[in-house]
Structures are given as structure tokens and as C-alpha cells.
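Trainee: Sequence:
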Amino acid sequence: MGSSGLGPLDGRYRLYTEADVARMPVIRRMKPLGFTLAEMKQLVDSIDILDDETAGPALRRAAQQDLLALRDKAADNAGRLRRQLAYAEEFTGLLSARPSD
1 MGSSGLGPLD GRYRLYTEAD VARMPVIRRM KPLGFTLAEM KQLVDSIDIL
51 DDETAGPALR RAAQQDLLAL RDKAADNAGR LRRQLAYAEE FTGLLSARPS
101 D
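Numbering of the sequence shown is given in UniProt numbering, commencing with residue 1 and proceeding in unit increments.
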């Protein structure tokens, strides 16, 4: 099911479909949130299944469950990153409050 662009042409270039290009911003946002390549593939495959009108109900339910799990992981990771940012800002403030010579 999943589209991953055509293989490299002349060993240097890869052609992508419009659907591939439309997905790239979503995929690019996954890496900083700690998603693995396998999870990125899972997302693409799930989206493909949900976009496929011929996919059976069981397959569609499984794809929807996968998307919900990925959404939950994204929310957890976003919360972790917010906490890290708060710690970094607090730490910077503590260092800035110290007198410098």
C-alpha cells in the first residue's frame, strides 16, 4: 500500500508522487518528537489505508487505532519537551541571576 517514491534514478535522484510530497511536512515533524522510522512508516501506511475506500473495516479500524496511538505518543512527547524547555529556561534564569565579573 504505502507509497515511498520511485527508486533512485541513475543512483542519484528519487521521484515522489504528489501524495508523497504532501506527507513530507508531517513526517519531518515526527523526528524531533522522537518517532522512529518504523513509526513514520506506520503513520504513512495507516493514512494510506484510511484514504483507500476499498480497505475493509477491520483494516480501517486497525489503521485508526495506530493513528490514535501515534497521536498519544506525540502528545506525551510534546509534554516532555515542554517540561524540558521549562527546565532549560529555569536553569538559564538561575545562571543569569548569578553575578558575573
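Among these hints, one or two may not hold up.
What the hints assert, rightly or not - Restricting the straight-line Cα-Cα distance to at most 20 Å, the calculated cross-link-like pairs of lysine to aspartate or glutamate (EDC-like) are:
1. 31 - 45
2. 73 - 18
3. 31 - 72
4. 73 - 45
5. 73 - 90
6. 73 - 89
7. 73 - 52
8. 31 - 51
9. 31 - 76
10. 31 - 20
11. 31 - 66
12. 41 - 72
13. 41 - 18
Just so you know, the hints here were simulated from the structure itself, not pulled from any lab data.
The model shown is predicted, which means the values in this text are computed figures rather than measured ones.
Trainee: Does each hint hold? Answer for all of them.
Mentor: To see whether the hints hold, each was checked on the structure:
At most 20 Å may separate the alpha-carbon atoms for a hinted pair to count; residue 31 and residue 45 meet this at roughly 17 Å. Annotation: proposed proximity of residue 73 to residue 18 is violated, straight-line Cα distance about 27 Å (limit 20 Å). The suggested pairing of residue 31 with residue 72 holds, with an alpha-carbon distance near 15 Å, which does not exceed 20 Å. Under the criterion of a C-alpha separation no larger than 20 Å, the hint pairing residue 73 with residue 45 is consistent with the structure, at around 17 Å.
With a C-alpha separation of about 26 Å, the suggested pair residue 73 and residue 90 falls outside the 20 Å cut-off, and the hint is violated. The hinted pair formed by residue 73 and residue 89 fails the criterion: a straight-line CA distance of about 24 Å is larger than 20 Å. With a C-alpha separation of about 25 Å, the suggested pair residue 73 and residue 52 falls outside the 20 Å cut-off, and the hint is violated. Between the alpha carbons of residue 31 and residue 51 the distance comes to roughly 23 Å, so the proposed pair goes past 20 Å and is violated.
Restraint check: the Cα-Cα separation between residue 31 and residue 76 comes to about 14 Å, which is no more than 20 Å; the hinted pair holds. With a CA separation close to 17 Å, the supplied pair residue 31 and residue 20 stays within the 20 Å bound. For the given pair, residue 31 sits about 17 Å from residue 66 by alpha-carbon distance, which is consistent with the 20 Å threshold. For the given pair, residue 41 sits about 17 Å from residue 72 by alpha-carbon distance, which is consistent with the 20 Å threshold.
Restraint check: the Cα-Cα separation between residue 41 and residue 18 comes to about 17 Å, which is no more than 20 Å; the hinted pair holds.
Of the hints listed earlier, those the structure fails to meet are numbers 2, 5, 6, 7 and 8, in rising order.
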